[in-house]
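Asks: Knowing the structure of chain A, use the given hints to seat chains B, C and D on it.
For reference, the chains in residue letters:
Protein chains: 4
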Amino acid sequence: MFDFTPTEQQKLVVKSVKDWCERNLPYERVRKMDDKGHPYPKEIVQGLGGLGIIMGPVPVEHGGSGIDWQTQSLIAEIIGYYDPTIATAAGLMAVETGWGYTVDRYCSNTVREKYIKPALKGEKFVGIATTEPTGGSDVAGFKSTAKRSGDEWIINGEKTFISGTEECEKWGGGFWINVRTGPIIPEAPHRNMTSFFLPIDADGVEVQEPYKDAGRMAISTGGFTMKDVKLSDEYRVGEVDKGFYATMEGFDNARIMISASCIGVIQRVLDDALPYIKERKVFGRPLAKFEAIQFEAAEIYMQMEALRLMVQKSAWMQDKRYQEEGLLKKTSEATTFTPTDVAKWISMVKWIGPSLACDAAYKAMIWFGAAGYTKEYVFEMAWRGNMSYVVGAEGGLNIQKIVVARELLGKEYIPYK
Amino acid sequence: MFDFTPTEQQKLVVKSVKDWCERNLPYERVRKMDDKGHPYPKEIVQGLGGLGIIMGPVPVEHGGSGIDWQTQSLIAEIIGYYDPTIATAAGLMAVETGWGYTVDRYCSNTVREKYIKPALKGEKFVGIATTEPTGGSDVAGFKSTAKRSGDEWIINGEKTFISGTEECEKWGGGFWINVRTGPIIPEAPHRNMTSFFLPIDADGVEVQEPYKDAGRMAISTGGFTMKDVKLSDEYRVGEVDKGFYATMEGFDNARIMISASCIGVIQRVLDDALPYIKERKVFGRPLAKFEAIQFEAAEIYMQMEALRLMVQKSAWMQDKRYQEEGLLKKTSEATTFTPTDVAKWISMVKWIGPSLACDAAYKAMIWFGAAGYTKEYVFEMAWRGNMSYVVGAEGGLNIQKIVVARELLGKEYIPYK
Amino acid sequence: MFDFTPTEQQKLVVKSVKDWCERNLPYERVRKMDDKGHPYPKEIVQGLGGLGIIMGPVPVEHGGSGIDWQTQSLIAEIIGYYDPTIATAAGLMAVETGWGYTVDRYCSNTVREKYIKPALKGEKFVGIATTEPTGGSDVAGFKSTAKRSGDEWIINGEKTFISGTEECEKWGGGFWINVRTGPIIPEAPHRNMTSFFLPIDADGVEVQEPYKDAGRMAISTGGFTMKDVKLSDEYRVGEVDKGFYATMEGFDNARIMISASCIGVIQRVLDDALPYIKERKVFGRPLAKFEAIQFEAAEIYMQMEALRLMVQKSAWMQDKRYQEEGLLKKTSEATTFTPTDVAKWISMVKWIGPSLACDAAYKAMIWFGAAGYTKEYVFEMAWRGNMSYVVGAEGGLNIQKIVVARELLGKEYIPYK
Amino acid sequence: MFDFTPTEQQKLVVKSVKDWCERNLPYERVRKMDDKGHPYPKEIVQGLGGLGIIMGPVPVEHGGSGIDWQTQSLIAEIIGYYDPTIATAAGLMAVETGWGYTVDRYCSNTVREKYIKPALKGEKFVGIATTEPTGGSDVAGFKSTAKRSGDEWIINGEKTFISGTEECEKWGGGFWINVRTGPIIPEAPHRNMTSFFLPIDADGVEVQEPYKDAGRMAISTGGFTMKDVKLSDEYRVGEVDKGFYATMEGFDNARIMISASCIGVIQRVLDDALPYIKERKVFGRPLAKFEAIQFEAAEIYMQMEALRLMVQKSAWMQDKRYQEEGLLKKTSEATTFTPTDVAKWISMVKWIGPSLACDAAYKAMIWFGAAGYTKEYVFEMAWRGNMSYVVGAEGGLNIQKIVVARELLGKEYIPYK
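Residue numbers (our numbering), protein chains in the order written: chain A, 1 to 417; chain B, 1 to 417; chain C, 1 to 417; chain D, 1 to 417.
Bound conformation, chain A alone (with noise of 0.2 Å):
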């Protein structure tokens, strides 16, 4: 039945986790990590890790809380909110929380003690490492290798863009890596991959200076390169040649996360704004009443509504995915969806999430004029903080419209084929 009720024990974990944020997370604690840049705070992380909501859905059993995707997405809304910028919430959470819990549904017991159950207390960090220099969304250009050497892989390549480079350098940890094990398939480029979780402390691997940008200052962003970086067979992560499906798997976990997190971006935007605009008064009367302003707020908060219950019905899929799957328990009648369908719904939240958060920012620097463009107020990091997970981190704009019209259209009509 449809039903748009938070359960009881999700409204437990949605308070607790805010009332830690307002205490952790006041808004001169965020600006003072724009100021500052990177690595960020691990404390931060330490104190999310102790509530327990860091790969909130990794099983009692490994060390997590077991918790649900959609509790997850609430949970991630409310980070989203008290760091709008979402380096907290996207920058780290998510790909913490997509990728830790991924790599632990598929990784050998000696990654899960060294790794990730430390990262679910904050102490370490894992991250995510696809892109190269010549593909990020595109498989096909992907160059990095791994090859098979007795009980060895011995691993060669580069990755460019990775988020957290810095803070796993400082805090320990590593990255889920997709390289090639075996010959590329020009009309296959996706087969013949295999995923690794690469410690980033191993040998051969080298860790480049953080790219300066636009305002994803609390999170870095960088690069690595690997050579001959021996990890044994245990750094294997799911089967042999079939890195790209858990891989996909671990996107679907972490865009989910970030298109939540932009569901509180945008929240934070008007309780912040609408304030101002009832308040300040031009022309003799309150910038609210207005109707280009009123408007442009309405029209946001639709938006973000429409956000909420896209976000709210993709992660209950993914629920129903992994409860098909027998990895949470049933909740309801069955519901069957498919990978693909989970990603059709997967695709659209997060082409449509960080695109609405920014542009949230940006119509309430315009309300606040001068004042908006300044660092007195959390809009113009919102607007540039955002904007990362618009152009690209966890696959940008363009890609996800490519999915959506693949999942409806049909595999043949894919544009570049």
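Mixed in with the good hints, there may be bad ones.
Note: identical chains are not told apart, hence a pair may lie in one copy or across any two.
What the hints assert, rightly or not - No farther apart than 30 Å at their CA atoms in a straight line, the calculated lysine-lysine pairs in the BS3-like style are these:
#1 212 <-> 32
#2 114 <-> 147
#3 330 <-> 15
#4 36 <-> 375
#5 227 <-> 170
#6 117 <-> 36
#7 170 <-> 375
#8 278 <-> 212
Calculated directly from the structure, the hints in this document are not laboratory data.
Keep in mind that this is a model prediction, so the values were computed, not measured.
Replies: Below, chains B, C and D alone, put in the same frame as chain A:
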């Protein structure tokens, strides 16, 4: 708990409506209506009445089906799909269901027996007539009056842009009207209004020629004058001087129906257009492989799903509201919404629904090129028909935005005060 | 030197056309055309012919007025103003001027005497018939052929979505056609095509029933088949196997005319709508005082002025091109534009002109509410009529974008190659 | 006659400015400014001064170059191209040219000798300081006052969000201010204001710390307080109590410059982005072949050309206005524009220029993906920099729309009255 699964009963109802429409509302039938103009074909209405879905929410004890608004929305979606001009869905079913239900809630047994019961079967027409030459959304412009004279009321005034005047004349029936029963209070012009059910054949009612318009052909739009029309107090609907509130309730119900039918329109546009763009080759490749076209298709799909969720939530809120009032059986834990909470959501969907439907048809016309402009396809009539609900029927675009902004910001920020 | 002043002569021409339209194309006349459908009233065309403005650029020595394209654009704007469905301006005058001029440039004296000269007076019709069931913008889809046989050509094939078939049949006249005179070269399908002037009454031509469409009523759209039509070589237009280039020239000229007429449509929408929104009060204030409405009006105005400048520049570029070719007298220092430079500009205005006109009418309908949807105002027919030029006539929206992108980026980036 | 050819002299000026910029404003220099922040590098300003293009329209007899506004616009375009943050073009050159010219027109010889002449050479700074904490566009909010006391004026008040406070302090110079010299008239708050030129080092002026902002780094934004500042009457600019009109003239001039520089920004975005999208392959084909990208490029190009024509016309109108006033030599037949005609056009270009520039950069960032977000390319600083002119500098977006609507509809439809 958030849940997005239709119930088994909803699935059954939807299926039976679909089957009926498949047989009774094929494309040729709808195009014929478009060509022939009003009155709307009575046998279709009788058919829908036979299914028990006109004014479905009217309680069983009053002869209705007692179905909830969410289910009724799913039905409206199907009707919009089969007649994407939404003449059937909006001009007819939304009007009859939204207003018929509300009449039934507040009317005397006389009115119920003489008008609602036959209308439930598609034998008579029940509509809404609020707009006057000097005011539609602006209640202050209403000049029609009812004066009490013993047990009777004497009504004078004029109503314009009324859906279904010709149908009402031919089939019998009447209109919800809202007229002044006391002096206009400049700062609260919505007070001192009372609602009545006006039989179209009452002495003193003169119906005018229907308007010629851009394409709302299958349902007539017209006006009528009321000259010393005498109605007994049994024709009063709701309390004296409190007509405004019940009228708003009627609008809420009708607007949900219209917005729900727009989902069906968009689905129809996609279902009719996608096979064509996949088939039709230009410059050696199917139209569907051109990103400009496939991304528009993806966007239409995404917007349709957003609209669908928002309509479902709006209808669910309306159900909760009626559950609170004891008119529907409670289905889950209590969630309380005020009428204005619900109105905000309903205005959001009325705002975006017709625009999105109109826009989807507009885009499909462009994909089809010159052929899309002809009467060989459904798009041009969907484009023309839905525009009627963008411009005004059941409240125009800007009025919906004003309602959303008012609920978001507070009454003191209404732009015209 | 940059200058934006019309010449005295241009002012005079504009004034005389305005005066004529004021008398001969009042609203009621245009609405009557809309109601009655095709054929387009011949007396209007004769009147325009009498003014010397149909095919105005045809040289004086050929019986034309020898006016430049910029002046002809100013005229088209006036025609679009008085008949904002653009049936007269685009469906008729743009077609006749753009194609008639181009026929005249390349045709034999026989064709000139028999068809162009009468058409200049509005006595016969000259149109364009390139589209075929298997291709409009995509030349590769053209299947019609002309085979040489002594001094004759034997033509077979079918043409669809042709403006003016019924007018042509009734008044006499013919169409520019472009047919294969050699094998199709897959990598250059535009080669081996030759243009002819096809008299509609030639033996073997069979004209089909006009299409029913969304509102291009005053000018017919139809198709015809050609079965062993014999034409003497005098009916060839331009060089053998080089028909593509002359056809492109014809499109350029017709597209300038259409875009120019759209300026007039927008001006008309504003002139008809602004007094109403200033007068009509809602909630105690004129509609014009609501920012949502006045900002839309301001945006329409701004877009109209942008379009006007772009059309003027396009026409000026076309004039420069013809000056270079010695067909027009040089007016200022040499500025050289290649045909593709000019085509890029013309595609820009054809891209935005009809869309802006359609959108202006759409917005005005919303301002007027339910009244805007009726046939009492000009907006609904402007909305329906201009849509015909958005979807396809003289090249659809997306084709124009492809042309602009091709000229901006280079031929090697055409999306379908 | 309509003509779109630059004069030979304009071509020469443009070429010399381009050459200078090529040598003195390479990308690295501009990026360094962005990194280092204010004060803006004086040597650049001196260089521009050396070319005679700061305040170019100042008459030769006052030490300026006496060039017209259309040529000055072509120059501003070049500057915007080389520094697409528009710190140089708008923050600096538009401010100095627009306001410096207007000061020069109305000031005493003392001010001219001490401030304008050095500023013409880039030795001193001349800016504008109208905004106050309680009002920017809304003149009624201005509280600063000047009281006459013999031949002196005593000035008190505060100015905020002023471009160039730090530059002014370092280099010497001052600001156009507009203060109350009589009681506020509620229904005409723009009356009783007088303009002065305020030397930044006048006793009683206290300059505040510059704001931290989103990315207008190379030019400072700050505020200052004025406490019993004494200025002789020689520092008055224009007539007593008539300061508003001269201030509007200054805004007109500065706004043309800003809008012109935005053309350059867009051209730069295209010039930097197009080679990359043609080169960079994704999924086996260059980005430029994807319609979603190439159509956006085509749209940016089209909008740039529309903006260019509108700026050229605005500048030409301003030239005509100054020709009428005898300040510029007449160049063609008389065309008369009122100041409000010109203001309408200028507000149109100020409205769309910065938004289009910001949006072009936003789109290019998306094409470049993660790389587009870094400081390796020009886009992110163009995006951040131009936003400053969207939100407010020289009049925010909505103010421009209000001006256009006011001129289109009439003063009585100003939305706040």
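Asks: Determine for every hint whether it applies to the structure shown.
Replies: Here is how each hint holds up against the structure:
no., hint, in the structure
1, 212 <-> 32, "both (17 Å within a copy, 13 Å between copies)"
2, 114 <-> 147, "within (24 Å within a copy, 76 Å between copies)"
3, 330 <-> 15, "both (25 Å within a copy, 27 Å between copies)"
4, 36 <-> 375, "both (13 Å within a copy, 17 Å between copies)"
5, 227 <-> 170, "within (21 Å within a copy, 52 Å between copies)"
6, 117 <-> 36, "within (29 Å within a copy, 43 Å between copies)"
7, 170 <-> 375, "both (28 Å within a copy, 24 Å between copies)"
8, 278 <-> 212, "between (37 Å within a copy, 25 Å between copies)"
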